[in-house]
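Peer 1: Read off the chains here:
2 protein chains.
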Amino acid sequence: MNQLIVNTKNKKYKIVINSNFDGLYQEITKLNIPISKIAIITDDIVDPLYSGQVIDHLKKSYPEISSFSFIHGEKSKNLNTISDIYAFMIDQKLDRKSLVIALGGGVVGDMAGFAAATYMRGIKFIQVPTSLLSQVDSSVGGKTGVDFNGYKNIVGAFYQPELVYINTSTLITLPNKEFNSGMAEVIKHGLILDQNYYNEIKNNIDKILDLDDEQLQILIYNSCKIKSQIVSEDEKEEGCRALLNFGHTVGHAVERLKNFELLHGECISIGFIAALYISNQLGEITESTIDNVKKLLETFELPTSVAGLDPTDIYHEMFHDKKTSNNQLNFILLTDIGNSYIDNLVEKETVMNALQKIT
Amino acid sequence: MNQLIVNTKNKKYKIVINSNFDGLYQEITKLNIPISKIAIITDDIVDPLYSGQVIDHLKKSYPEISSFSFIHGEKSKNLNTISDIYAFMIDQKLDRKSLVIALGGGVVGDMAGFAAATYMRGIKFIQVPTSLLSQVDSSVGGKTGVDFNGYKNIVGAFYQPELVYINTSTLITLPNKEFNSGMAEVIKHGLILDQNYYNEIKNNIDKILDLDDEQLQILIYNSCKIKSQIVSEDEKEEGCRALLNFGHTVGHAVERLKNFELLHGECISIGFIAALYISNQLGEITESTIDNVKKLLETFELPTSVAGLDPTDIYHEMFHDKKTSNNQLNFILLTDIGNSYIDNLVEKETVMNALQKIT
Numbered sequence: 001m002n003q004l005i006v007n008t009k010n011k012k013y014k015i016v017i018n019s020n021f022d023g024l025y026q027e028i029t030k031l032n033i034p035i036s037k038i039a040i041i042t043d044d045i046v047d048p049l050y051s052g053q054v055i056d057h058l059k060k061s062y063p064e065i066s067s068f069s070f071i072h073g074e075k076s077k078n079l080n081t082i083s084d085i086y087a088f089m090i091d092q093k094l095d096r097k098s099l100v101i102a103l104g105g106g107v108v109g110d111m112a113g114f115a116a117a118t119y120m121r122g123i124k125f126i127q128v129p130t131s132l133l134s135q136v137d138s139s140v141g142g143k144t145g146v147d148f149n150g151y152k153n154i155v156g157a158f159y160q161p162e163l164v165y166i167n168t169s170t171l172i173t174l175p176n177k178e179f180n181s182g183m184a185e186v187i188k189h190g191l192i193l194d195q196n197y198y199n200e201i202k203n204n205i206d207k208i209l210d211l212d213d214e215q216l217q218i219l220i221y222n223s224c225k226i227k228s229q230i231v232s233e234d235e236k237e238e239g240c241r242a243l244l245n246f247g248h249t250v251g252h253a254v255e256r257l258k259n260f261e262l263l264h265g266e267c268i269s270i271g272f273i274a275a276l277y278i279s280n281q282l283g284e285i286t287e288s289t290i291d292n293v294k295k296l297l298e299t300f301e302l303p304t305s306v307a308g309l310d311p312t313d314i315y316h317e318m319f320h321d322k323k324t325s326n327n328q329l330n331f332i333l334l335t336d337i338g339n340s341y342i343d344n345l346v347e348k349e350t351v352m353n354a355l356q357k358i359t
Numbered sequence: 001m002n003q004l005i006v007n008t009k010n011k012k013y014k015i016v017i018n019s020n021f022d023g024l025y026q027e028i029t030k031l032n033i034p035i036s037k038i039a040i041i042t043d044d045i046v047d048p049l050y051s052g053q054v055i056d057h058l059k060k061s062y063p064e065i066s067s068f069s070f071i072h073g074e075k076s077k078n079l080n081t082i083s084d085i086y087a088f089m090i091d092q093k094l095d096r097k098s099l100v101i102a103l104g105g106g107v108v109g110d111m112a113g114f115a116a117a118t119y120m121r122g123i124k125f126i127q128v129p130t131s132l133l134s135q136v137d138s139s140v141g142g143k144t145g146v147d148f149n150g151y152k153n154i155v156g157a158f159y160q161p162e163l164v165y166i167n168t169s170t171l172i173t174l175p176n177k178e179f180n181s182g183m184a185e186v187i188k189h190g191l192i193l194d195q196n197y198y199n200e201i202k203n204n205i206d207k208i209l210d211l212d213d214e215q216l217q218i219l220i221y222n223s224c225k226i227k228s229q230i231v232s233e234d235e236k237e238e239g240c241r242a243l244l245n246f247g248h249t250v251g252h253a254v255e256r257l258k259n260f261e262l263l264h265g266e267c268i269s270i271g272f273i274a275a276l277y278i279s280n281q282l283g284e285i286t287e288s289t290i291d292n293v294k295k296l297l298e299t300f301e302l303p304t305s306v307a308g309l310d311p312t313d314i315y316h317e318m319f320h321d322k323k324t325s326n327n328q329l330n331f332i333l334l335t336d337i338g339n340s341y342i343d344n345l346v347e348k349e350t351v352m353n354a355l356q357k358i359t
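So the sequences go chain by chain: A and B.
Just so you know, we're using this note's numbering here: the first sequence kicks off at 1 and counts up by one.
Just so you know, we're using this note's numbering here: the second sequence kicks off at 1 and counts up by one.
Incorrect hints may have been included.
Intra- or inter-copy, both count: the list cannot distinguish identical chains.
Calculated lysine to aspartate or glutamate pairs in the EDC-like style (CA-CA distance at most 16 Å, straight line) [what the hints assert, rightly or not]:
no.	residue 1	residue 2
1	59	27
2	97	238
3	124	237
4	60	349
5	202	233
Think of the hints as simulated: they come from the structure by calculation, not from any bench.
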């Protein structure tokens with residue numbers, strides 16, 4: 001069992017990485033908070049797989065435990081589902097001392113987190129992420145969010161969990177495509193901050209594809225370490241946290257224009273390459289580095305270009321992103337693998353050239 | 001111009017009390033924050049009265065200023081209106097550096113505050129309260145909220161404004177009934193914490209009813225002082241802030257059972273008397289004190305009982321309140337005027353007796 005600490009201005013909490021749910025009860029106890037009831041919020045895929053296991057581990061000490069599941073996927077990520085969750089919370093008479101468990105992937109974590117953040121002006125919650133993407137990225141850092149009118153996470157709150165409990169064995173039931181989508185975030189961590197980590201991923205591709213538990217634990221630990229360091233330093237994305245948005249400026253636009261038919265990891269993978277082409281034009285990244293990254297992404301069946309979209313449409317769509325400020329696009333660019341910076345002064349022509357290369 | 005400071009763990013901000021909008025621009029400048037755009041959120045009553053004045057004071061320095069108004073009243077306080085506000089915010093391309101101005105009464109402040117708290121995971125906002133209730137109570141302290149399925153403020157967030165700017169002259173256009181509703185909160189401040197203040201209110205009834213500006217400034221200053229001290233000490237209502245809920249346990253139940261047809265101040269006025277009858281049974285408040293309070297409330301045409309409700313229904317309804325924890329009712333009780341405490345062990349019989357007296 002591995003552990004990390006996230007230490008933000010407002011809250012300090014643990015990330016526990018384990019290969020089963022055996023430590024969950026103990027970790028909740030260690031929080032040392034009064035808990036009146038527990039409500040698991042999950043989706044219809046994860047519910048039959050893992051809700052029972054979680055309940056079994058907790059029901060002896062917390063007899064008042066209930067669960068709510070909604071239809072999986074980004075299409076459920078809206079205020080209607082949030083309303084259903086509120087209705088469930090009221091129905092279960094959850095009070096200010098109740099604990100929410102977000103059990104599932106990124107959508108579940110974002111939605112359950114937002115519901116916990118806004119029910120009775122905020123009740124406590126913990127993240128139990130079951131997808132690779134949520135284990136290495138979205139469960140850590142307190143970003144909760146809901147899509148609205150096609151705008152991804154335009155509604156949300158910064159609201160830190162009390163605990164992140166990662167059971168790596170849940171990845172066995174994760175569809176390949178979802179696993180690969182999570183690998184995009186893992187690769188991102190190497191690209192923006194740690195060349196050694198990037199190389200370690202490259203050197204262990206076979207083990208990763210085999211879901212070797214030891215290798216997965218190392219991977220998740222390293223990614224969570226990078227994520228927690230950034231979040232501890234800059235909880236509200238006023239500085240370095242923006243580096244985590246590498247690939248997201250273009251990625252979110254593609255995600256919207258493709259009507260959320262591509263997975264998040266797939267979209268940011270395309271976004272990585274667009275950002276690298278911008279960096280290349282600015283004289284900072286060689287074509288061979290781009291090829292190197294493309295090759296790694298393709299190993300995990302991640303796309304590096306997108307068919308059927310017009311570069312001009314992608315360009316305009318980027319201005320609808322919440323990261324856009326003062327009508328300026330914010331790009332995260334690389335000077336080398338493992339070295340990134342924020343640039344909000346990229347010329348339109350440079351962006352358009354890059355978009356042409358990925359469409 | 002009077003000023004107070006609210007100093008919570010997360011934010012320090014000013015309350016400015018003035019008799020016009022002349023100081024607004026300067027106070028916003030003094031915040032010393034980058035502002036890309038300003039969006040005024042208001043209702044259809046306040047909009048024609050004051051939006052123009054506010055815009056006139058700000059448009060020279062902030063040309064990108066827009067306003068959104070929704071139909072006034074508690075019936076608009078729901079997630080549908082919040083969705084309309086989000087759509088407006090997206091339409092106006094508000095970004096993370098945009099500033100929301102909540103211009104209006106309690107409903108506007110709660111709703112605009114919640115929208116600001118959750119749009120893009122939180123953008124900055126200021127409160128410009130135009131009703132007595134919002135000036136002395138709801139605009140200070142960062143409680144934002146939305147009703148859901150008849151549950152008052154069951155959805156919300158703690159989210160502090162950057163500034164509270166009170167223009168007392170807006171009270172001239174406030175309907176009498178609304179003014180009196182605000183007086184309930186003013187009287188509450190005296191009842192729970194400050195006997196001298198309670199007496200000062202009693203001694204200046206005529207001036208208050210005449211809307212004497214000097215008297216109103218004193219009143220609002222004193223109430224804001226009490227409110228800001230409590231909030232500075234206990235932002236998240238984990239301790240003394242609960243004292244502000246005096247009258248609210250019964251008040252909220254009455255509000256819901258009467259389908260929000262009574263004003264908030266009217267409901268808590270009934271709640272005060274219920275709480276006093278509980279205190280009386282516990283041997284802490286005399287009948288003559290109750291009469292004294294009743295008389296003051298009645299001076300401001302505030303009800304001290306409610307017709308057409310069954311005590312048992314009120315009793316059961318109280319358990320649906322978000323202040324109810326572990327199925328225990330929390331009452332704020334008085335030992336004397338100006339002296340309050342929290343009691344969550346009041347017997348059902350005592351509560352029922354009190355409810356019988358007010359129905």
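Peer 1: Does each hint fit the structure? Answer for all of them.
Peer 2: The hints, checked one at a time:
| no. | hint | in the structure |
| --- | --- | --- |
| 1 | 59 <-> 27 | within (15 Å within a copy, 54 Å between copies) |
| 2 | 97 <-> 238 | between (31 Å within a copy, 11 Å between copies) |
| 3 | 124 <-> 237 | between (22 Å within a copy, 15 Å between copies) |
| 4 | 60 <-> 349 | neither (62 Å within a copy, 34 Å between copies) |
| 5 | 202 <-> 233 | neither (28 Å within a copy, 53 Å between copies) |
In the structure shown, a violation is registered for the earlier hints numbered 4, 5, in ascending order.
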